[in-house]
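As given, the protein sequences belong to chains A and B, one line each in that order. Quick note, the first sequence lines up with residues 701 to 823 if you use our numbering. Quick note, the second sequence lines up with residues 120 to 787 if you use our numbering.
The hints are simulated quantities; they were obtained by calculation from the structure and are not laboratory data. Idealized CB from N, CA, C, for every residue including glycine. One or more of the hints may lead you astray.
[Said to hold, decoys possible] Quick list of the computed label-pair ranges, beta carbon to beta carbon:
#1 346(B) to 712(A): 28 to 38 Å
#2 791(A) to 676(B): 24 to 34 Å
#3 712(A) to 525(B): 54 to 64 Å
#4 791(A) to 754(B): 38 to 48 Å
#5 686(B) to 716(A): 31 to 41 Å
#6 716(A) to 130(B): 35 to 45 Å
#7 170(B) to 712(A): 49 to 59 Å
#8 720(A) to 777(B): 52 to 62 Å
#9 686(B) to 821(A): 27 to 37 Å
#10 698(B) to 791(A): 30 to 40 Å
#11 821(A) to 771(B): 24 to 34 Å
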Amino acid sequence: MRTWRAILLIDLALALGLGAGYLWWGQQAQRLAHELAIARAQAATGGEREFQGSGVVRASLLDSAIIVITHGEIAGYMPPMTMGFRAESPQMVQSVKPGDTVRFTLRGTPPNLAITAIVKTAP
Amino acid sequence: MLDDDGRAPLHRGDVIGLIARWLHLTSLVFVVGGAALLVLAGPSDRPTARRWEARIVTACRILIVIALASALVAVAVQTATLEARAHAAIEPAALARMLTHTQGGVVWLVRGGLLLLLGAFVAGRAEIRDRADWRAARGQIVLLGMLALGLASGAGHAVAVEPGTAIALAADVLHLLAAGVWVGGLPALALLLGLAAQDRGADARPFAVLAARRFSRWALGLTGVLVVSGTWSTIVQVGSVAGLLGTTHGRLLLAKLLLFVAMLGIAAFNRCLLPALGGEAVGVGRPAMRRLAAFVTAESVLATVVLAIVAVMTVTPPARHEQPTWPLHFRLTLDNLVAAPDFEAQVLIGSQVAVIGVVALLASLALRRLRLALLAGGVIVLAAGIAIAVPPLVSDAYPTTFQRPGVAYQATSIAEGATLFAVHCAVCHGAGGRGDGPAAATLKPPPADLRAHHVALHTAGDIFWWISHGRPPMPAFGDRLDADARWHLVNYLRALAAADASKLLGPKIEAERPWLVAPDFAFNVGPEFSRSLKDYRGRKIVLLVLYTLPASRPRLDELASAYGLLGSLDVEIIAVPSDAAPAAIGQLGATPPIFFPVVTDGAGEIVATYRLFRGAPHVELLIDRQGYLRAIVSAVSDARRDIDLLLAEVQRLNAERATPPPPAEHVH
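This is chain B alone, in the form it adopts within the complex:
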C-alpha cells in the first residue's frame, strides 16, 4: 500500500519490526565485541578481572536470549509483511513457509540455529582455569557470534547487488564483523575501566590498561576496515551525491556517518588519554581511568544510536532504487565548462590553489614546529581555492533535478509529447522549438530556443520542474498536464535536441565514438510478433529503414537479397512504412520476397520520432549493439554500391570494442 507521496505508511507492525531488528543487531554486536575483548585482554587471575569476565559472560547469556527473542519477533513481522496480513505473524504454517521457502527465511533459520548453539555453549560453567581451554571457550563465543552476525548479510541489500554480488557481500560481511568487534567491545571496555577505577579494583588496573591498549590498537585497524568496506557499500548502494542527499536511505547514511565521525573524535581523544593511565602503582592514573571509562561509555551510547540507524536502513530501499529529491537550490557540474570554456582556466587555477592548501594542512600534521602557521595558512589557501574554482561550476537545481524520467525515452512518449507540444508550447516556442512562435515577439525575455546547446546541459528533472512550475513569463503546467504528460514533453524535447545534434552524423560511422542514444520503440509484425528496439541491445546491430513506396522498393529488394549476409554479420533490418499503413506487408507485394520485420503496428510513433532526425522519404539509420545511433543515410542513389558501403560500416562496428549501455537520466 502506497500513500500519495508514493511512500508506504509506517504501521505499528513496522515499528515493532524495527525495534526487534535493532535489539537483535545490538545484542549480537555486544556479544561479539564483549567476547572479542575478553580474548584480546587474555586470561587473568586478578579477582577484579575475573569479576569482570564473569559479568561479561552473564551479559552474553542475557544478550543471546534477547537476540533470539527479537529474531522471532522480526521473523513474525517479516512474515506478516510478506503475506500482507497481520494474522500471518502468529500462524505456524505461514511462519514455516517464510522460514523454508525464502532466502531471507533460510538465513534466519541458520542464524537462529547458530544462536541456539551459542546459547547452549555460554550456558555452561563460566570458570575455566586452563589457558588453552580458556582461549578455546572464549574464542568460540567470538566465532559463533561472528558467524551469526556475518550471515545476516545473506538476507540484506548486498545480495540484490548485480553485478558484483560477491564483492558487495564480502564488503557487507567485513563491515558487520569489524563493527561488531569495535562497537561491541566498547561497553565491555567501559565496564572494565569502571571496575578498575574503583577503590577495590586496584588489582586489575594493569590488566585494564593492557586491555585498553590492545583494544585501541585493534580499533584503529578495524576503523580502517569499516571506512573501506563502508565506502564500497556506499558506492554500490547509493552511487551518487543525489542519492546521498535526496533519499531516505542516503540521509540515514549521512546521519550514521556524522555519528561515526563523532565516535572517531572521542576515540582519538581517548587514545591521547592512554599514556596518562600510567603503570602499576596504586593510585596512579586513576582519575584518567575514570574519565576514560566515561568517554568510552559515551562512545557506546553513540554506537547504540548508530545501530538503530542501521536497523532502519536494512528495511529502507537502497538509494540507488529511489527517486532522489534534491534538497538544495544549486548543484555543481563540470558540464558548465562545456558551455563556457573561458572558465576552464579559473577552475583549474582554483583547484590547484586548493591542492596547495590541502598539502599545507597535511604538512601541519607532520611538522610540529610550524603547525599553527601551516594550519592557518592551509585553511585560508584551501578556502581561497574553493572560492575561485567553485562559482563557475554552480548551476541552479530543483527538487526534481536528479529524478529519473517517469516515462521511458520511447517513441510512443515522444510522439505523445510532440502532440502536446503543438497544443501547449508551439504558440511561443514555435512549431520546431526554435523559440519563434506567433506569440514570441511580445514576450520578455523571449521564449527559449529549445534546440540550443545549453538545453542539453540541464537534466530531464530540471526541465520537468520548469514545465511543472513555470519560468516567468512561461506559465506553470503542473495543474494542467499530469505528470506523465509532462514527462512526454521532456522526452520530446530530448528527442528534439538529439535530432538537432544528429546533423553531425553522416553515412559513415565515427569509430569508437557512440554518443547519440537512439529513442527506443515498440513494434508489431502481424498480429502476434511484438518487439522493441531495446530487445536487440547487446545482441544485434539494427538498421532502421523508413521507406516510402513505390520509390523505396528497389532499395528494399537490395536489402532483401543482402538480408542473409547481413544476418551473418549480426544485423537485423527493421522496415517502417512512412505512411504507417497496417497492410504494409501486402503492399510490398510478393516478389522478390522480403523476410525482415516490416512494422505493421507502431509505425506511426516511430515515423513521428525518427522524422525529427531526417525528413527525407527514405531514411536508413544504423544503430549499434549498445543502442547508439551511429550513421544516417537519407539519399540512396545507387542501391548496389550502397549495400557495399553499408557492409563496410557494419564490419567497422563489429570490430569495435563493446561500450557500456547509455545512461538514461540526462537530456543529452
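Same shape as in the complex, but just chain A:
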C-alpha cells in the first residue's frame, strides 16, 4: 500500500475515534441528566408522602381552610416561597394567626398535600 493511503486511513480512523469519543462524552452527560430527571419525577409521585417545613404564618383563611405560610426550603418538595396550604381541620386554621412562627407537617400525594400538624415555635 502507498504511504499516503495508509496515512489517510489512519487519519480517518483518528477522526472517527475522536468524534465518537466526543459524542459519547456528550451522550453520557445527557443520559445522566435524563436519569436525574426520572429519579426526581419518581421521588415526586411516589404515593403518599410526608414533608416537614417551618416558616411564618401570613394569613389563616377560615372560610377556605387555608393557611398561607412564608416557608423555608421543604426538603425534597419545594424551594422557599410564600404559598397557601390546605389544613386538615378548621381548628388548625384557628390555632394560628399572622406573624406566628410555626413548624408544620404536610402529608398526601404530591401535589395534593394538606397540613396534618402545625405547632407554634418560639416568637
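For chain A, the structure is supplied; the task is to place chain B on it using the hints.
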C-alpha cells in the same frame, strides 16, 4: 495557602511544573513549526536539503520524547497541586483520578495519546521518495502536532470565559497554532540557512532561498492572525488598562508583547535582507545568508523566552480576576470633562491635531520622496496634539485606585459605614457629610463636602486610599480601622452620594435611562425565608416599601389587593417596617391579609440605608430588573389613584429594552 499579600508562595513543585510546561510547549511548537517548514519548502533531492530534512525529523523524534516526558511531569505536579499534597504526584491512583475525572486531565490524556501516535509515526523510516507520500508523511506530523497543540486550549484560561466561550476558545486555538507555525519554524529555518551558507551547502542555496521566501510570506499572514487573536484574548482575559499594568498576568503579557515587537523588528529587517540572497550562482548572497541565519537564530532565542512567559501565564490567574495594583501616580479619564466642561474644546482640538500627526506619519510610509519631512513633521504634530489634549484628562491615582471594593455595596456594609462615620469622620465632615462638622472651622483646607459632585469622579479605590493614608490635614485611618471597616466607609460615602443624586428621581420613571444603582440588601421573612435584592435581578421589578404603622396600613391594604395584578406584571413587593420590629407581621394584623414579603430580620440596615434617600415615614422605591433605582414616592395621598400610577410606571418599565447590569467598581 496564601501569604500576607494574598499571594500563593512559590514552591519547588511550582517551579518544576513551570519548567515542565515550558519544555512541553516549546518542544511541541518546534515540532509543528519544523514540520510545517518542511512542507512549505517542499521535497528536494539536493544532498544538503536532504541532510537538513533528516536533521529536522531526528529533532522531531527527540522533541516528541521531551514533550511526552515533560507532560508527565506537568500532570504529576498538577495532581499534587489539586490534591494539596506532594505525595499525590507519584501515586498511580491519584494520577488516574486527575486524568479521568477532571477536564484538564482528560485533555492531557487525549493529547498524550496524540503525541504517542505522532511519536510512533516519526519513529518510522525517514527516507521517502514519492512526492505524494512525502507530502502525506510530512503533513501528518504537522496535523498531529497541531491537534496536540491546539487541544491544549481546552485546559486553559479560555475555557473559563463566560459568555463567549466558543469565540475565546477559537481565538486561543488560532493563537497557539499560528504561533506554532511561525515561532516553531524559526529554528528550522535558521538551521537550513546555516547549512546552506557553508561551503559544502552551496547545492541547497536556491532551495534555502525558496524556503525563506515562502516562510516569510506565511509569517506575515500568521503575524496578522497572532495580533488579531491575541488582541481578542487580551480584551477577554485582561479587559482594562488597570489589569494590564497592575496585575502579574497583565505585566507578563506586556513583557511578552515587548519581546513580540522585538521579534517583529528583526523579522522586518530580515525581510529586507531577502532580496540580497540572490539567485542560483555559487558564492552570490552567501554573506547575506549567513547574516540572515544569525538573525533568525536570534529571533528563535527571543521566541523561546516568549514561550517561557506563556508557560508562566498559563498558571497565573487572568488579570480580570485579580485586584490590580496601579503602578503610576496618575491616570487618564474622560470623567474630568464632566466636572470641567471648559476643557472639552482643548481636548477636542488636541485630539484633532494628534490625528493630523498620525495621518502625516502614515503618509510618510506611502510617499517616498517626502518621507523625512513628513516623518519629522508627523512626530512633532503628534507630540503637540498629545501635549494639548492629555493634561486636562490627568487625574491623581494611587495603588488602590482600580481595586474593586473588598466589601459589596450592601445595606449591612452601608449601615456599618454610617456608624463608623459618626464616630470617626463626623467631627470634621459633619453628620450629613456636608463638611460642616464642629471641628471644620479650624481646618485648612476645610474638610470636603462629601456629597459634592466631584466625589463621584473618584473611584472607590481612590477614596479607600485617602481614608487609609490620610490627606492632610485629614489623618490616616489605615492603622485604626481594618480594611473591611474602611470599605464600609467607602460604601457609606457611595450611598451618601447616591442619595444626594436621587433627589432628581420622582414618582415617574425616566424611560430607558437607568443610572442610580440601588444598594443591595439581605432580608428574612420569618425564620427560614432569606433573600437578597440581587436575587431578583434579571427576574423581577421590585417595589421596596418602607412603612410606618398605623399611618401606612391603608396603603399596604391597597398594595395587598393589587398584589396579584402586580405579580402578573412581574413585580415583587418587599415591605420593610421603619421601626425594624421583628414581630412586624403580627403587628400588621390579620385583615385584610398581606402576602408579600414583610421583612422581619435585616430591616434595620435597610431602613438606615434607604432613609438616606428619603426621610419620610412612608417611602416607596421602584427598582427595575437590572437593579437600578428608577422612581421614588414619599408622600402617598390617595391610595387608589396611586396604585394606578404605579401600574402605569411598571408597564413603562416592562416596555423597556433590557440594559446591562450595573458596574460595581466606581463610586458613582
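Hint check:
In this structure the hint that residue 346(B) and residue 712(A) lie 28 to 38 Å apart at CB holds, the actual value being about 35 Å. Between residue 791(A) and residue 676(B), the C-beta spacing of about 28 Å keeps the proposed range 24 to 34 Å intact. For the pair residue 712(A) and residue 525(B), the beta carbons lie near 56 Å from each other, so the given range of 54 to 64 Å is met. With their beta carbons about 45 Å apart, residue 791(A) and residue 754(B) fall inside the hinted range of 38 to 48 Å.
Taking 31 to 41 Å as the suggested C-beta distance range, the pair residue 686(B) and residue 716(A) does not conform, at roughly 54 Å. In this structure, residue 716(A) and residue 130(B) meet the distance hint of 35 to 45 Å, their C-beta atoms being roughly 43 Å apart. Here the CB-CB span from residue 170(B) to residue 712(A) is close to 34 Å, at odds with the stated 49 to 59 Å. At about 41 Å, the CB distance of residue 720(A) to residue 777(B) disagrees with the hint of 52 to 62 Å.
Here the CB-CB span from residue 686(B) to residue 821(A) is close to 29 Å, well matched to the stated 27 to 37 Å. For residue 698(B) and residue 791(A), the Cβ-Cβ distance of about 34 Å falls inside the hinted range of 30 to 40 Å, so the restraint holds. Between residue 821(A) and residue 771(B) the Cβ separation comes to about 44 Å, which falls outside the hinted range of 24 to 34 Å.
This entry does not satisfy hints 5, 7, 8 and 11, going by the numbered hints stated previously.
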